[in-house]
Structures are given as C-alpha cells and as structure tokens.
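J.: Sequence:
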Amino acid sequence: MIRSAMHFDYAFFKTGLLVAVMPPAPFLAVAAWGGWRLRRGRRGGAWLMGLAAVALWLSMTEAMGELLSRAAGQPAPLALTALDGLRGRTDGAVLVLGAGVRPTVPEYGGGRPTELTSERLSYGVWLARRIGWPLGFTGGIGWTATELKVPEVAVVAQVAAQDYQMPLRWAEGNARDTRENAINTIPLLAQAGVKQVVLVTHEAHMRRALRAFEAEASRFGMRVLPAPVGLRDDALSAFSDWCPSVQGYARVRYAAYETLAWWAGR
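Read left to right, the sequence shown gives residues 1 to 266 (the working numbering).
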C-alpha cells in the first residue's frame, strides 16, 4: 500500500513538472507576462510577447530539434563496416530499449508499441539479422505509465515474434526508467556469456542510455556499442525545416525531455 502511494506521488510530481517546464508552457508564460506588462503600460511587454512568439515557432520545427540534438552531443550512426566486423562472433547481443506502448489499439484488438518503440524495434531486428546475433528488449511499466497493466516487453515480445518472426532471446520487464533498464538487463546478459552489446535507442536518448549502461557493463567486462536511431541526414537547409510541423514539435519536446532527464540523473 505504501509502495503504491509512493509510486503515485512520484508519477504525479513528474507529470506536473513536465507540463510546467516543457514546451510550450514556458513560452506561453512569457507571452502572458508580456501581455500583462503591455496592458499596464510597462516597458518590455511587446518585446516579451515577440520573443515568446519566435520561441513558440522555433519549438515546433525540425531545425530547432536538430540544433538541440547537436548541442547535446549527437551520436554518430553505427557504420555498416562496424556491423560487418561483428559477424561471426558468438558472444554478442542486440538490445532494444523500450519507449512505451499503447495498451489498447482498436484496429489490432490489443496493445501495440508507440512510434518510438516501433522505430527502435524495427532497427533492432534489422541489426540482429545483419549481424546474426540474438535480440533482447528491456521495458517494464514506466513511472508515469499508470494506464499500463502489463509491462512493455509483453507487447513487444508478441510483435517481434508475430510481425518480424524474431522471438526475443531476453525479455526484461521490471525496469521503470533508463537506469533500471541497465541494472536489470546487463547482469542477465552477462549470465548468458554476452561480452558485447549493440544498444538501440533514439539519438536524443543515447547519451543518457550510455551513461547508465556503460557504468553497469564495466562491472562485467562488457562492451557497449551505441546504435542510435532517428538521426537526420540534414534538417537545417530546407525551408520546411524551419516551419512548424508535428514531427518538429515532437523532436524538440523529446530533446528537451532528455536534457531534463540527463540532469535529473534518471
């Protein structure tokens, strides 16, 4: 009972904090402050409203998402030559990190991975087939995923087996965040004799994931090779890159979320 209350409190706090600090809330607050100053005849009101409008515009563009990603240390894609060099080894594994599932999708009559999880899983399957290594997945019920009744891995395992014809060799379903992904999964792989892990997650999440996984892997003499997904070849030069879009808004929010999570140490 006490544990459930603590879980609810943390989830509520995290959700509320994200609503307050993630775009567009800060920019709307600045706009409201500028409007208040303008109405009362105080200086700077128009400038604040203009600044908020520009920030709102940029926060919905692919270009801003790309700039934020580069500023945070955007990882390089996993080179095909590096993949080919891994073939023939029998002590490796491809590990996909979860990014959420939808518990009920009417057209499928059950749960399905979110777009982020689907993108990671698709790349993970492709890597596993190209290298010839088994596939693993880690993802439980996240701190704020209060609507889930079963862990992410239960949904993903079914999709991997039925849609990709690649059953998971390792399925970890107790992790609630990135640190627990590493703490729960690395010992599991070490017991199976794995010495090298190809880690699949999105480019914005990779820095934080590597921090957690490399710290845990060092205890077992295991090497972690980053395999980021979601990279853009060029998201700055086209006019459309600087125009608001659903994809741009999602990418900026994801970059902002990962920055906050990095400093929070989660």
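It cannot be assumed that every hint is accurate.
[Stated by the list, open to error] Simulated restraints on C-beta separations:
no., residue 1, residue 2, range
1, ALA161, ALA192, 52 to 58 Å
2, ALA46, GLY109, 30 to 36 Å
3, ALA46, ALA161, 28 to 34 Å
4, LEU28, ASP234, 28 to 34 Å
5, PHE220, VAL150, 41 to 47 Å
6, SER245, THR104, 26 to 32 Å
Hints are computed from structural coordinates only; laboratory data are not their basis.
Every residue, glycine too, gets a C-beta built ideally from N, C-alpha and C.
J.: Which of the listed hints are broken here?
T.: 1, 2, 3 and 5
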